[in-house]
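Chains as they are written, first to last, in the working numbering: chain A, 1 to 327; chain B, 1 to 161.
Treat the hints with care, as some may be off.
Unchecked claim - Capping the alpha-carbon separation at 20 angstroms, the derived lysine to aspartate or glutamate pairs in EDC-like fashion look like this: (1) B:Lys114 x A:Glu287; (2) A:Lys74 x A:Asp305; (3) A:Lys116 x B:Asp95.
What the hints assert, rightly or not - For the chain B half of the interface with chain A, some residues (derived, Cβ under 7 angstroms), not all of them: (4) Arg83; (5) Gly85; (6) Leu147.
Derived by calculation from the structure, the hints in this document are not laboratory data. For each residue, glycine too, the CB sits at the ideal point set by N, CA and C.
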Amino acid sequence: MRRAVSSVLPPEQSAILAKAVRLEWITLVVMTVIIAAVGMAAGQSQAMRTAFVEDSLALLPPIAFLIGVARARKGRSPEHPYGHHRAIAAGHLVSAVALLVFGLMLLYNGLSGLAKGERPPIGAISLFGQTFWSGWLMIGVMTLSAIPPVILGRMKLKLAEQLHDKVLAADADMLKADWQTGLATVVGVTGIGFGLWWADSAAAALVSMSIVKDGFTNVRGAVGALLDRRAAPLESDEPDPLIEKLRDEALRTPWVAEAAVRSRDMGHVFHSEVFVVPVEGARLRIEDLEELHDRCRDVDWKAVDTVIVPVDGIPEGLSALDPRSRD
Amino acid sequence: MMVRIIVRVTAALISLVLVGCAEPAFPRDPDDTLERASGGTLRVGVSDHPPFTEVADDGSVSGDEVEIIEGYAESIGATVEWRDGSESELVELLDLGQLDVVIGGIASNSPWSKHAAFTRPYTRVVGTDGKAQKMVIAARLGENALLTSLDRYLIEKGLRA
């Protein structure tokens, strides 16, 4: 697993990334066990079989993450002058679509179950010489299967914030969807036990709403990043604070009259251009530009790929966040 | 925070199990079929399919599945009200709630599974295609107390595929 450490990220982030990779492998193993257990407990219950298909979708984000990280680890080359960080963005799109499909399937199954008045049959089962209602088995399996996603999801959310990793964040959303669906099934099956045939469908439809919303937010974010939308923090539309920090750094330079920054999210790191308008009569030396460049790169580890562009005036459409004149 | 959530969920589940055990009829039927049939009448549709079921010209029924149903009905103190017909007709009546159970050599992979709840398989036979087939009894969809009680009877009698 040590090889997974990315050479293009600083040591601290590389260590976090290595932790995330380990966590994703654990997730793959744990989820496979859970999916197999749910599959076996499902028996002839249509509702549980649907849960089985949906759970399988939860494997997509970890797979997308591992492939994405393996790819993003490669450095810059003449064929890939911007590096391979976009692999993370592509992985985010895959995870986001998986999450959205998960939510939509759940919503459809819940609503169609209610509309058609489907009455899920749950009979008795004999295990280890004991005969009991198989609803109890489903409730037990679904409760146990909800615990690992809660723990893994919370661990990943923390790493996702430190790493600015949207695949991890989407995966955490997926795990949240997973345990919520599990608990909905517990409530639904219990309701069925009390003779409320609609309980399972209603519970599924209810939790699917927030999953669809999460899926939609993620798809929008992933597509936005691929369209070079302004870089934003995880699950937010606000400009990333890094943009303002870069601009401030540029404006702190004596020879800079005005500055504007555009940043796009490559996945983990940003690609930023700092446009600077020199003061009247300034005579720029290469060292001046280099010095500014170094300071900008040191603003944040995400700013590794930052270029300084001296210009006559700020390019159109790049209005400064809050125009401050410097006379 | 996490620990609190887990403790709460566990507490909720334990109380749920306790409620479930205290509850005499858990699972319950949405339409109380088992409650009505116990000590009353069990409405059973039977379609001719020897050796599982046989319907004579005079309307009398016999066969392995008929024996199972008669034994089951006795165990819940019900008398059986037989109704013969084709499988599709009977399953439709089952779907409409006019029958409680349908027998007639139905296999577990039969397409009726959308309209009827199958019990656990009570035996295994070789089907017309030479593959093993698991035989089941069809109960009304969603009447889970009835289905569970039928399953329990089959397990008690050691009838398994």
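> Which numbered hints does this structure break?
Replying inline: 1, 4 and 5
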